[in-house]
Amino acid sequence: MSIGESLWLIGQTKSYCQAVKIKSIRITIDGKEENVNEIDITDEVEIGIKFDKNARKELRIYKDIE
Numbered sequence: 001m002s003i004g005e006s007l008w009l010i011g012q013t014k015s016y017c018q019a020v021k022i023k024s025i026r027i028t029i030d031g032k033e034e035n036v037n038e039i040d041i042t043d044e045v046e047i048g049i050k051f052d053k054n055a056r057k058e059l060r061i062y063k064d065i066e
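Per my numbering, residue 1 is the first one in the sequence shown, and the count goes up by one each step.
Any given hint might turn out to be false.
Said to hold, decoys possible - Dumping the calculated BS3-like pairs for lysine-lysine here, alpha-carbon to alpha-carbon at most 25 Å:
| id | residue 1 | residue 2 |
| --- | --- | --- |
| 1 | K23 | K50 |
| 2 | K57 | K23 |
| 3 | K57 | K14 |
| 4 | K53 | K23 |
| 5 | K21 | K57 |
| 6 | K21 | K50 |
| 7 | K14 | K63 |
| 8 | K14 | K50 |
| 9 | K63 | K50 |
What the hints contain is simulated information worked out from the structure, not anything from laboratory work.
Let's have the full structure, built from the sequences with the hints guiding it.
Now the structure itself:
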């Protein structure tokens, strides 16, 4: 994932789908929160993502892979 990348927010229980772009990414490294431009997620990890639009809670994030 990287800043500027397009993702889809999809509701699992309600009919909801929204295209968004990543504005910022935060991750905790050695107990300190840091902003990063991109991140490769290979294991389960908690990150903070800010989108260009407001997002609802309890959505799944999907990425188009070409």
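Going down the list of hints, with the structure as the test:
A C-alpha spacing of about 5 Å is found between K23 and K50, which places the hinted pair at or below 25 Å, so the restraint holds. Taken as a hint, the K57 and K23 pair is honoured in the structure, with Cα atoms around 18 Å apart against an allowance of 25 Å. Straight-line distance between C-alpha atoms of K57 and K14 comes to about 12 Å, which keeps the hinted pair within the 25 Å bound. Only pairs whose Cα atoms come within 25 Å are accepted, and K53 paired with K23 is accepted, the gap being roughly 9 Å.
For the proposed pair K21 and K57, the alpha carbon gap of about 17 Å is at most 25 Å, so the pair holds. This hinted pair checks out: K21 and K50 have alpha carbons roughly 9 Å apart, not beyond 25 Å. As the CA atoms of K14 and K63 are separated by approximately 19 Å, the hinted pair is consistent with the 25 Å bound. For the suggested pair K14 and K50, the alpha carbons sit about 22 Å apart, so the restraint of at most 25 Å is met.
Of the pairs offered as hints, the one joining K63 and K50 holds, with about 15 Å between alpha carbons and a cut-off of 25 Å not exceeded.
Hint check: no violations occur; every hint is consistent with the structure.
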